[in-house]
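Engineer: Going down the list, the protein sequences come from chains A and B.
Per this note's numbering, the first sequence starts with residue 1, numbered consecutively.
Per this note's numbering, the second sequence starts with residue 1, numbered consecutively.
Since the hints were derived computationally from the structure, they do not count as laboratory data.
Glycine included, each C-beta is placed from N, C-alpha and C at the ideal position.
On the chain B side, residues computed to face chain A include the following (Cβ under 8 Å): (1) A87; (2) R89; (3) H101.
If you want the footprint, here are the derived chain B segments under chain A, 3+ residues with CB under 8 Å: (4) 57 to 68; (5) 78 to 86; (6) 91 to 98; (7) 115 to 122.
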Amino acid sequence: MSSHWLPVAGEGLRRLRRWPLRTALSAVTSAVAIAVTVNVISLSQGLDEDIRRDVERFGLRTLDVEAASVVAPGTRVDPLTLADLDRIRARVADLDPEAVVPRRHAVGTRIPDGRRVQLVAAPPDYLGTLDVPLAAGRWLTAADAAGRDGPGPLACALDSQAAADLWPGLAPAACLGRPLEVRVAGRPLRLVVVGVLSDPLRYRVLFETFDSSRGARTLSSALLAFRNVYLPFEALDGAPLSGISVVARRAAQVEALRERLFDLWPPRAAGLAAFLEPGIGVFVRKDWMDALGGSTQTGVMVGNFVWIVIVLVAAILIATLGLVGIRERYDEIAVRRCEGARRRAVAWQITVEGTVTALLGGALGLPLGYLGAALLRALVDFPFRFEIRYALPATGVALALGLLGSVLPARRAARLDPARVLGRRIT
Amino acid sequence: MSAPSSAPLLVLRGAARTYGRGPLAVPALKPTDLVVDAGEYVAVMGPSGSGKSTLLHVLGLLDRPTAGEYLFEGRAVAALPDRDLAALRNRAIGFVFQRFHLLRDETAERNVALPLLYAGVRRPERRRRALGALEAVGLAGRAGHRPGELSGGEQQRVALARALVKRPRVLLADEPTGNLDSAAGARVLELVEAAVAAGAAVVLITHDPRVAARAPRRLGLVDGCLGPAAGPWPAVPAGPGAR
Numbered sequence: 001m002s003s004h005w006l007p008v009a010g011e012g013l014r015r016l017r018r019w020p021l022r023t024a025l026s027a028v029t030s031a032v033a034i035a036v037t038v039n040v041i042s043l044s045q046g047l048d049e050d051i052r053r054d055v056e057r058f059g060l061r062t063l064d065v066e067a068a069s070v071v072a073p074g075t076r077v078d079p080l081t082l083a084d085l086d087r088i089r090a091r092v093a094d095l096d097p098e099a100v101v102p103r104r105h106a107v108g109t110r111i112p113d114g115r116r117v118q119l120v121a122a123p124p125d126y127l128g129t130l131d132v133p134l135a136a137g138r139w140l141t142a143a144d145a146a147g148r149d150g151p152g153p154l155a156c157a158l159d160s161q162a163a164a165d166l167w168p169g170l171a172p173a174a175c176l177g178r179p180l181e182v183r184v185a186g187r188p189l190r191l192v193v194v195g196v197l198s199d200p201l202r203y204r205v206l207f208e209t210f211d212s213s214r215g216a217r218t219l220s221s222a223l224l225a226f227r228n229v230y231l232p233f234e235a236l237d238g239a240p241l242s243g244i245s246v247v248a249r250r251a252a253q254v255e256a257l258r259e260r261l262f263d264l265w266p267p268r269a270a271g272l273a274a275f276l277e278p279g280i281g282v283f284v285r286k287d288w289m290d291a292l293g294g295s296t297q298t299g300v301m302v303g304n305f306v307w308i309v310i311v312l313v314a315a316i317l318i319a320t321l322g323l324v325g326i327r328e329r330y331d332e333i334a335v336r337r338c339e340g341a342r343r344r345a346v347a348w349q350i351t352v353e354g355t356v357t358a359l360l361g362g363a364l365g366l367p368l369g370y371l372g373a374a375l376l377r378a379l380v381d382f383p384f385r386f387e388i389r390y391a392l393p394a395t396g397v398a399l400a401l402g403l404l405g406s407v408l409p410a411r412r413a414a415r416l417d418p419a420r421v422l423g424r425r426i427t
Numbered sequence: 001m002s003a004p005s006s007a008p009l010l011v012l013r014g015a016a017r018t019y020g021r022g023p024l025a026v027p028a029l030k031p032t033d034l035v036v037d038a039g040e041y042v043a044v045m046g047p048s049g050s051g052k053s054t055l056l057h058v059l060g061l062l063d064r065p066t067a068g069e070y071l072f073e074g075r076a077v078a079a080l081p082d083r084d085l086a087a088l089r090n091r092a093i094g095f096v097f098q099r100f101h102l103l104r105d106e107t108a109e110r111n112v113a114l115p116l117l118y119a120g121v122r123r124p125e126r127r128r129r130a131l132g133a134l135e136a137v138g139l140a141g142r143a144g145h146r147p148g149e150l151s152g153g154e155q156q157r158v159a160l161a162r163a164l165v166k167r168p169r170v171l172l173a174d175e176p177t178g179n180l181d182s183a184a185g186a187r188v189l190e191l192v193e194a195a196v197a198a199g200a201a202v203v204l205i206t207h208d209p210r211v212a213a214r215a216p217r218r219l220g221l222v223d224g225c226l227g228p229a230a231g232p233w234p235a236v237p238a239g240p241g242a243r
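Whenever a hint applies, use it, and build me the whole structure from the sequences.
Structural biologist: Put into structure tokens, the structure is as follows:
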């Protein structure tokens with residue numbers, strides 16, 4: 001392109017004003033594509049980031065020693081015992097972990113309605129293995145464990161979702177002080193709620209909708225249900241340990257701790273597959289998170305596929321409008337060629353026209369996307385989230401859309417034979 | 001206008017243009033020899049479909065001969081790349097068409113300035129020269145009007161100003177008075193003749209003997225064959241370039 005490329009681009013911009021309807025149609029096509037694209041990107045990327053963040057609350061510095069959660073029918077699983085807890089403590093003592101926390105797990109039924117309740121008995125430092133703030137009240141203390149032998153009910157804390165299951169519609173603070181009676185292994189247990197945790201799963205609805213549509217719980221939601229009733233560790237005396245968590249002081253310590261624990265229980269299959277192997281295994285929560293995070297990549301990929309298809313369809317529409325426009329501009333293009341426009345100058349002008357139109361549409365598409373996201377949030381209670389940081393990729397997409405949509409019209413215009421047009425052998 | 005070089009301005013040697021191939025081939029212009037000197041005024045007459053426009057497009061570098069040779073200022077141009085042909089059209093060849101072919105959404109001034117844009121002339125200079133060209137064709141007061149706001153004669157004068165603003169070596173006019181009444185046509189022809197007087201060669205295509213009669217050299221084109229045009233010719237004042 002020689003020194004006249006800027007004036008030729010200016011000619012292109014002037015032409016846009018001369019064809020307002022076609023320019024508007026192309027811009028709206030681009031705007032809709034950008035709005036949808038931004039929303040799809042924001043949904044898929046936003047979900048991915050949020051889910052990763054939610055999962056990270058489960059503890060980046062925590063290792064778990066657990067019996068397999070999922071085993072084949074008839075497979076015998078050796079439970080963890082307090083002796084195992086002592087072995088772990090002895091084996092990692094010189095690495096000075098922040099905590100070694102056992103827990104017990106039981107399934108109870110609420111009295112009188114028989115509602116199923118997940119019970120986790122854990123010592124006070126169990127909360128430190130999670131990154132979940134309290135929504136109301138307090139966490140369990142050593143004094144609560146002492147209350148086991150007293151006449152009053154035992155203190156318990158609830159996951160937010162457990163509170164919602166037990167008392168639908170009640171605010172966390174309103175659950176405090178409420179009595180709860182459950183039957184565990186045939187004996188009744190009287191509890192009183194002293195604290196309610198926040199729900200760490202921002203998009204719980206996604207997991208649970210997926211589970212309910214399949215009629216079964218996914219491994220992810222089983223591991224990260226966060227719908228437990230927490231009791232003092234001693235409340236389930238006699239029950240086997242369901243797991244022991246080792247919390248490192250620093251993330252860099254995790255590997256060393258893992259190696260120590262592997263001395264006690266050798267390595268198993270990698271990632272979530274480890275849960276399908278019988279027996280006791282050592283799991284680093286970060287590995288779970290990576291595996292779960294990896295699974296969200298599929299969603300991101302599907303989202304990307306959707307917006308790419310939308311952009312291609314929009315590019316085809318813009319190209320079609322452009323081709324129709326070129327057909328109506330044969331005379332103009334032939335005259336420009338007569339007066340010295342090179343093929344490349346003609347192609348450049350058409351490309352500028354298409355690209356600027358698409359960029360105008362992109363500028364319109366961002367607020368349109370914002371409104372669309374707000375509308376969708378209001379209508380379907382789905383985590384559509386528009387963020388201004390998507391303006392940059394949206395501009396890139398609009399640019400690509402304009403260039404893609406201009407390729408064919410620019411090519412046709414550049415290849416137009418002025419002699420055929422002026423000789424009226426082509427109209 | 002530029003000073004003429006010693007070589008003839010335009011030379012066709014056996015130049016032909018055939019559309020299509022094989023049995024469907026249509027020879028629009030049969031092998032033709034033509035020499036046009038700088039400052040020469042040539043009228044080409046012929047009936048519709050005789051190949052007049054094809055000849056003009058070949059001469060104007062809008063089309064390439066399928067056979068033979070075309071020399072422009074002594075330089076073989078038939079095989080030049082698009083870039084060079086566009087540059088030659090831009091600086092050396094002016095076009096005027098029967099249907100004016102103005103950009104209908106642009107003002108007269110911007111229409112006239114169009115070739116200067118592709119020549120890389122800066123905007124103030126483009127404007128100055130365009131207004132000068134419009135003044136030369138008597139349309140200084142119409143610079144801001146769009147073609148739809150001008151009469152046919154005025155539109156053709158705008159087209160003529162656009163052709164002349166680049167100070168071409170040759171002006172190729174295809175039925176420039178075909179859509180005009182006699183008064184407007186006469187005015188346009190006067191301007192064409194003024195261009196010849198200023199040193200430009202003119203090849204004017206027409207089927208009107210009265211228009212052709214104003215040119216000192218008249219050629220006829222019948223069925224793609226170019227030769228001397230047969231008279232008799234109406235009595236008209238001899239234009240510039242008469243020999």
